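Number of protein chains: 6
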Amino acid sequence: MIYLTRRERFCSAHRMFRKDWSDEENQKVFGKCSNPNWHGHNYVLWVTIKGEPSPEHGFVMNINILKQIILEKVISKIDHKNINLEVPFMKERIATTENLAVAIWNELELPIKIEGASLHCIKIEETENNSIEYYG
Amino acid sequence: MIYLTRRERFCSAHRMFRKDWSDEENQKVFGKCSNPNWHGHNYVLWVTIKGEPSPEHGFVMNINILKQIILEKVISKIDHKNINLEVPFMKERIATTENLAVAIWNELELPIKIEGASLHCIKIEETENNSIEYYG
Amino acid sequence: MIYLTRRERFCSAHRMFRKDWSDEENQKVFGKCSNPNWHGHNYVLWVTIKGEPSPEHGFVMNINILKQIILEKVISKIDHKNINLEVPFMKERIATTENLAVAIWNELELPIKIEGASLHCIKIEETENNSIEYYG
Amino acid sequence: MIYLTRRERFCSAHRMFRKDWSDEENQKVFGKCSNPNWHGHNYVLWVTIKGEPSPEHGFVMNINILKQIILEKVISKIDHKNINLEVPFMKERIATTENLAVAIWNELELPIKIEGASLHCIKIEETENNSIEYYG
Amino acid sequence: MIYLTRRERFCSAHRMFRKDWSDEENQKVFGKCSNPNWHGHNYVLWVTIKGEPSPEHGFVMNINILKQIILEKVISKIDHKNINLEVPFMKERIATTENLAVAIWNELELPIKIEGASLHCIKIEETENNSIEYYG
Amino acid sequence: MIYLTRRERFCSAHRMFRKDWSDEENQKVFGKCSNPNWHGHNYVLWVTIKGEPSPEHGFVMNINILKQIILEKVISKIDHKNINLEVPFMKERIATTENLAVAIWNELELPIKIEGASLHCIKIEETENNSIEYYG
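As given, the protein sequences belong to chains A, B, C, D, E and F, one line each in that order.
So for the first sequence, my numbering puts the first residue at 1; every next one is plus one.
So for the second sequence, my numbering puts the first residue at 1; every next one is plus one.
So for the third sequence, my numbering puts the first residue at 1; every next one is plus one.
So for the fourth sequence, my numbering puts the first residue at 1; every next one is plus one.
So for the fifth sequence, my numbering puts the first residue at 1; every next one is plus one.
So for the sixth sequence, my numbering puts the first residue at 1; every next one is plus one.
No wet-lab data here; the hints were simulated from the structure.
All the pointers check out, no bait thrown in.
Since copy identity is lost for identical chains, a pair holds within one copy or between any two.
Distance condition first, Cα-Cα at most 27 angstroms in a straight line; then the derived BS3-like pairs of lysine-lysine:
1. Lys67 - Lys91
2. Lys123 - Lys32
3. Lys28 - Lys50
4. Lys32 - Lys113
5. Lys73 - Lys28
6. Lys113 - Lys28
7. Lys77 - Lys28
Small disclaimer: the values here were computed from a predicted structure and weren't measured.
Let the hints inform the model, and build the full structure from the sequences given.
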């Protein structure tokens, strides 16, 4: 079994808050991340897939196909967007990196399976000090 | 002459656009950076000062004092904020990294002078591929 | 299950040696790392915890609480210190990165459990070429 | 159980192709990576071993011994070489990073075992966006 | 005056040698970099331009135009190529990073001038330890 | 004129203090950096030289010669040492990075001149947030 990781990046705005909480409650739990006028990040995304290298060409999966799937399913929908307002796969979810990792997993699992590999891990770095991993 | 550089970071939302242009004109010049719902970045800021090391303590300037000046004058006003809407020193300026570098220079030049050193360069990295330097 | 990683850094002096060995024996096993006048490193520490994201706020654990635990239990006791002489949780241990990872695990396991998450991994980078991971 | 990782680097030329395919077929599957005049990379290699820290010296394995094994078995044979033409452990294999990871595992597994530790993972980064992991 | 830097990358094969020298002479001066079967690198290129930010849009130069110029004039001609054999602007030059920096300067100076800015610096990193800068 | 930069690293212990000051005075000016039991860093050193590329071999200076000079004059004397106690070129100087940059300049200027190039800049990074440059 071989693990192949592709890195992509996206720059998005977001805000952490719950509609059913007052501003004070949101501020208390989410602190400066709850700022009503938004803030944003250069998110770094690592998509790790696993599989046997093909005897035909020696790849787990052609990295250009993997790259196209990630661009179509994730980056084109979230890069230079507002995660709370515009990203279809984050609708009705609090915009934490935890929830983002699960949502991106759900976007990528099937298209990668169709290509004959398995999704293994979604890793997202929000800042150089904070990151999230999800293994399904 | 010695050059001392302090790195700080801030995560902010912004949008590039001119109020006096139509959405089409903004989109044509600024592309995806003009998205009306904002996007954001992990900005990295390098502040370089210059001076003679003090014979008393061997520093150009005590780095803790430099750090405090940058936190007070810049980071506390821009981190987790919306650059277009909330940052006093960016009022009435298009939110390009070029304009941001000049504005941060103007915030820091005097307080650093008062401490006996000279501001030499403001460098801002917007993404790992794009950065701006300003020398006054 | 979601994995959340927080990065922190500390700058410390250390020396690798055993009191019950002669200088020649220490030099033979530990080489330049056994220098009696000490040397030091910019250690990088990654603390990974795991858990279910809370339906209430979408976090595995509020990252500010995790950060405070790491600062209180580890960084405040080891940053700008001598690992051999001054760090309570390294008393009577050889100051290898292996032993450091186990000792930091022991400091953090319980306070993280009290907050409702589980410690998953301690990773320490001593130089850009050498690192250690410990999973308990 | 402790995991110890050593990073090494090598700069090599390669080309992805099958001798039994026409140039068009190679170009179709491998794209620009099939260029007949070669291209190359700064490969980064992480070798992770596992074991119990020795009560005698606190190491899983003396990192200088691990470094020497990697230099002798891998780096001296591949650095500043052509992976397709000159690297004995890549003979008759397509020069993908997947195959490279497996071949390097095979070179290192036994010498590390002889020193009393176990090889755990070979990770190779071909570019900052693409990497491979192999766990045996 | 504002300085704007764009980073791009290319992966190429090369070899350092002079046709009019024997293999021994080439080996003596260029060492392992003279390997007749080539080796290669992940080159990192930083292109710095300078100018006044436009009062109209706040840019020194639209970064998308700069990116397109670099892709067309440099990256498309050198990425996944052999610098000695295939890169038109390196014909008849020894493939050192020094010569590469001068050649890339010559490719980019005029197209950047046509867009109203000035080329300031070409920086190329061959490995994480070695880099070259050229200011014209 | 071409600028060539070589990066090297060293791991050392140090302490900032003046013998003619009381512990309280040292603590007040240097803070935690004055800890009597030392602390340490992974210092990163960039040595930049300038010159014309030789028409014979295309180098400003053979990087292996530059590397040997830096290893002999600087790294072998400071790596895994105590800067205050053991480094001959730092005797009687306060162990600030400012003073270190000047001292390393003095060690390297002449040997580089003898090889036909000129020393241009010494840059030292003490932590990822703090660095010093000296141009003679």
